[in-house]
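Colleague: Residue numbers (this note's numbering), protein chains in the order written: chain P, 1 to 536; chain S, 1001 to 1162; chain B, 2001 to 2418.
Read the hints as simulated data drawn from the structure, not as lab findings.
The structure presented is a predicted model; accordingly, all values stated were derived computationally and were not measured.
Among these hints, one or two may not hold up.
In silico DSSO-like cross-links for lysine-lysine, where the CA-CA straight-line distance does not exceed 30 Å [unchecked claim]:
hint : chain 1 : residue 1 : chain 2 : residue 2
1    : P       : 3         : B       : 2197
2    : P       : 54        : B       : 2368
3    : B       : 2183      : P       : 188
4    : B       : 2368      : P       : 24
5    : P       : 127       : B       : 2183
6    : B       : 2305      : B       : 2046
7    : S       : 1028      : B       : 2197
8    : B       : 2046      : S       : 1099
9    : S       : 1028      : B       : 2190
10   : P       : 132       : P       : 274
11   : P       : 115       : B       : 2190
12   : B       : 2183      : S       : 1028
13   : P       : 54        : B       : 2069
14   : B       : 2356      : S       : 1028
15   : B       : 2047      : B       : 2190
16   : B       : 2365      : P       : 127
17   : P       : 54        : B       : 2305
18   : S       : 1099      : B       : 2047
19   : P       : 132       : P       : 220
20   : P       : 127       : B       : 2356
21   : B       : 2307      : B       : 2232
22   : S       : 1028      : B       : 2148
23   : B       : 2047      : P       : 3
24   : P       : 253       : P       : 115
25   : S       : 1099      : B       : 2368
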Amino acid sequence: MPKLTINGKEVEVPEGTNLIEAAKTAGAEVPHYCYHPALSIAGQCRLCMVDIDKVPRPQIACNTQATEGMVVHTETERVLETRRSMMEFHLINHPLDCPVCDQAGECFLQIYYMKHGLYDPRMVDEKVHKPKAVPIGPHVMLDAERCILCSRCVRFCDEITHTGELGIFQRGDQSEIGLFPGTALENKYSGNVVDICPVGALTDRDFRFQVRVWYLDTAKSICNGCARGCNVEVHTNRHRPHHNQGRRVARLKPRFNAEINQWWLCDEGRYGFKWMDDKSRLTHPLHKGGGEGGEVSWDRALPELVKRLQGCPPDEVGLLASPKMSNEDLWALRRLAEHLGVRNLDFRVPPGAPGDEDDFLIRADKNPNSRGAELIGVAPGPGGRDAAGILRAARERRLKLLWIFHHDLAASGWPEAEVLAAIESTETVVFQGTNANDVSARAHLVLPSAAYVETEGTFTNFQGRVQRFRTAIPPLGESWPDWKILSVVGKALGASDPVFSAERAEQVFNALAAAVPAFGGMTYRALGDTGRMATA
Amino acid sequence: MTGNARNPEFGAEHLAEVRRLQGLYPDKRGALLPVLHLAQDTFGYISLEVEEYVAGLFELSPAHVHEVVTFYTLYFQQPKGRHVVAVCHNLSCHLLGAKGIIEHLTQSLGVEVGETTPDGRVTLLSVECLCACEQAPMMQVDDRYEGYLTPEKVDGIVGGLL
Amino acid sequence: MAEPILTRNFDVPDAHTIRVYRERGGYQAWEKAKGMEPAAIAEEVKKSNLRGLGGAGFPTGVKWGFIPKGSTAPRYLVVNADEGEPGTFKDRYLMERDPHALIEGMLIAARAIGSHLGFIYIRGEYVQPWRIVSAAVKEAYDARLLGKNIQGTGFDFEIVVHRGAGAYICGEETGLISSLEGKKGWPKVKPPFPAVKGAFGQPTIVNNVETLACLPHIITRGAEWFAALGTKTQGGTRLYSVSGHVVRPGLVEAPVSVTLRQIIYDHCGGIPGGRALKAVVPGGSSAAILTPDEIDIPMDVDGPKSKGSMIGSAGIIVMDETVSIPDALMVVARFYAHESCGQCTPCRESTGWIYKISHRIVEGKGRKEDLDTILDVARRGAGTTICAFYDGAVGPYISYIEKFRSEFEDLIRSSAHA
């Protein structure tokens, strides 16, 4: 572990650490473009120069390894002048697109110019012109003029996705990022190039012109698109409904987690958030035979549900839980099932189409919390029916109440006709979920769930990592978190478990951690930002 | 059966040559430049179809072959004339009248630099140092160097190209 | 005229064939070297003060020693025959007229560094030289001087002749390596240096054609002899390529102690029409320009350096009083803009920019800030790039303007935009 001095401060770093990373440990930020910890060293931008004692000229920090006794200076006059020179070189041919460029506000030409440039420009000749606003894939837009040729995107497609779509063609100041003509950037991780592009050369087509980034709020969360549980940030437009077409969620960005997704996010997860603001969102409880379009208040809907539950023998109740529900939601459901003596409880509804999986991030299981459901014991009680059994019992008129959580059963792997027959044959069908579907349209009682980004809780990924997601926006309309709906129902049924008087998700989690050994010892604080492994 | 630039395919003999060249290098990719020369000689120029075809022979993405083809000046991405006349415009040749030679050629051939005569006979280029400065002003005509040029000498050489 | 050494076979008919080469004593050096210890060969070359003749002037024997001791990795000998420095044409002559000297030099170097695979990277435009060298290599194979178990010595050495495709930057040793690997000629970030990790990831020594052609003479006639021909820091003769405004342009072989004045006036007949010398490029276009009062210098690695220039590739371009220096700068700036590989920011962006400015000046649209802009930008970029290409551009950018500033200023003053 070499010990070196950076700006007068002694630090110790692992063997092989480059000076950009070493400087971070000493609290110094070395500006850079082409360096990225996940990618090979390019040494092209020349912005990360630092001074090193006994070395006559400044050296690039990205390609210099820390050695014992090295003395590094990142803020000498010479380094500052060099940075200013490099900023000028980068901006010589850069178009002044800021007013129309999505990157504004998070652009590293802007950021570094303000910090390290601040010179008067003197380039009066015609800038080099290159193609602008070229869609290069379903998700990515290219502006070749804005490109600073850091080659991060090229290296990403070579080294991370191994798909090699991008190249730098020609030479000199005619160099241009592009695709082989006639091809597209179609790999399943294409959106990541937008993250790693330091400037507005590669931008998100979905986010294009929607809302300025400085209007966005952010919350730490987890992608709910599959069992990997990639860490994300949810960026929301909360105060300006005239932007982003009124949608609250503007985009998802990956959050670094060394154990799960490193710096990356798959396209399906990245762009799979439209359902949160879709007009199919259920915003109010509905009761067939109730008031306006069936809309009723919670004060009317839940007592109705309680009454029906009390009128059912436990073996004639079926609970189809969902692995989209959080650990907190599922714990509350299991405790409710136990209180009611309902043994027909399961979450395993077959998917409509086999999920695709790869050897990188994408898991075939498109639910975020199947492992949580397993660990929590969301399974038939002794002698109880599993999901298929519940469906069959419903069809055979042996269930009086079928409570479906989140599933779009008509689009599942079960034949649609059987699903509809089951719905028709059951006296009370309760649908609890976020978005309307063919089954919710036929349910007697519809209870609107808050989307996971509208509440907080935890998911357990396929490896058993328990991770927190935090509230990004308030629940839409009158929707409530699932655990809250269940706790109010449980309380009304006279259940005494502390879960049923919980005011916050954390209380439900603490109850879960106290009762289920796999979650033993966990608290929200202990889970932090990167989660902890369940012990089972 | 060797195909053409729109439909490129090497015949057995050329394919054997490709494999032989690939075998000369510790990594077969080293043979890419020689194989692109072979492809250009065989198909006339390096079209996008040729790039894709060669990419397949090397198990490279077409984008990476396109990078190589667009980087180097000797690979023609458009059909070229039966003859390529490349006049040097670097320092020594410039000092000794390259500009005049180039102007003379644009006049006599009736094309601008970079263009090919309508009859497909000659492509005229203006290039950087060919390292024959002792013969300045000079030009490369296909495979050979021609130096100590005067407009008359140029007429004689270019006139003789069929 | 001193004894021709490198040029001894140049005007001998068929000297490019192995038969004539051998008749004239060729491959005798290899006879000796094949029985020498590799370390002994390297020692001899160090003592000879042979310096790289491609442009960098680095001591050849020392360069060979950079391969890590004790490494058992296969190492490659790569010949830089990508001659491209404007004003230089010596390697072309060597390849066309004495290709076996190169092959014999390669054998000696290969034995010294323990290489069994060599590549000759010839610029793509050199089609005739490529054909002649390829034929010579075939002759050597046929004579069992190349291939496996050469002449029963147990020493293997294969040579692959490789054509480039048109890019000056492939004359930079790591740009050449990238191109040899089948990629764009992008120079590599250093460290690692080629002797440690070069072509195809293995230790690689890149030597210039002329440098290798010196080796047979060093082996047969001794390091002391070679060193004594030159100056204290550089041994031997070298080939000076002379062009521009001289009566007799062409190659001049002379000991490296020869002065620039002697080359121009004694060897090349001075300037046509008796005109006055205005400026001279001493070492290829990347070398800072010299004025008439600066030509009494020995043309070794130290002489031009003493005047703030460099010997580089020894490409000498003579400019007489009729030359417009701003016009010459524009031509040279155009070259660097065209040949910049584009990999790193300072070079990519400023070579194009400076060409635009220099062109504008020549067109009569220069502005008074232009000269200081070029000088400042060049100084800010110098020493910051991945390779020395940009520093080669900076040589002319700064020297032409500093040494002929009034000529530039006159031109700008008379423009409409001053």
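Colleague: Would you mind marking each hint as holding or not holding in the structure?
Modeller: Results for each hint:
1. P:3 x B:2197: 27 Å, holds
2. P:54 x B:2368: Violated, because 40 Å separates the two Cα atoms, which is more than 30 Å.
3. B:2183 x P:188: With a Cα-Cα distance of about 27 Å, the restraint between residue 2183 of chain B and residue 188 of chain P holds, given a limit of 30 Å.
4. B:2368 x P:24: Not satisfied, since the Cα-Cα distance of roughly 44 Å exceeds 30 Å.
5. P:127 x B:2183: 28 Å, holds
6. B:2305 x B:2046: 22 Å, holds
7. S:1028 x B:2197: Roughly 18 Å separates the two Cα atoms, so the pair holds.
8. B:2046 x S:1099: Answer violated: residue 2046 of chain B to residue 1099 of chain S is near 46 Å, above 30 Å.
9. S:1028 x B:2190: With a Cα-Cα distance of about 24 Å, the restraint between residue 1028 of chain S and residue 2190 of chain B holds, given a limit of 30 Å.
10. P:132 x P:274: Cα-Cα ~28 Å, so holds.
11. P:115 x B:2190: Holds, because 29 Å separates the two Cα atoms, which is no more than 30 Å.
12. B:2183 x S:1028: Holds: residue 2183 of chain B and residue 1028 of chain S sit about 12 Å apart, inside 30 Å.
13. P:54 x B:2069: 25 Å, holds
14. B:2356 x S:1028: Violated, at roughly 40 Å.
15. B:2047 x B:2190: 28 Å, holds
16. B:2365 x P:127: 17 Å, holds
17. P:54 x B:2305: Since the Cα atoms of residue 54 of chain P and residue 2305 of chain B sit roughly 24 Å apart, the hinted pair holds (cutoff 30 Å).
18. S:1099 x B:2047: 47 Å, violated
19. P:132 x P:220: Between residue 132 of chain P and residue 220 of chain P the Cα gap is close to 33 Å, so the pair fails against 30 Å, i.e. violated.
20. P:127 x B:2356: Since the Cα atoms of residue 127 of chain P and residue 2356 of chain B sit roughly 10 Å apart, the hinted pair holds (cutoff 30 Å).
21. B:2307 x B:2232: 18 Å, holds
22. S:1028 x B:2148: Answer holds: residue 1028 of chain S to residue 2148 of chain B is near 21 Å, not above 30 Å.
23. B:2047 x P:3: 41 Å, violated
24. P:253 x P:115: Since the Cα atoms of residue 253 of chain P and residue 115 of chain P sit roughly 25 Å apart, the hinted pair holds (cutoff 30 Å).
25. S:1099 x B:2368: 28 Å, holds
Hints 2, 4, 8, 14, 18, 19 and 23 from the earlier list are contradicted by this structure; the remaining hints agree with it.
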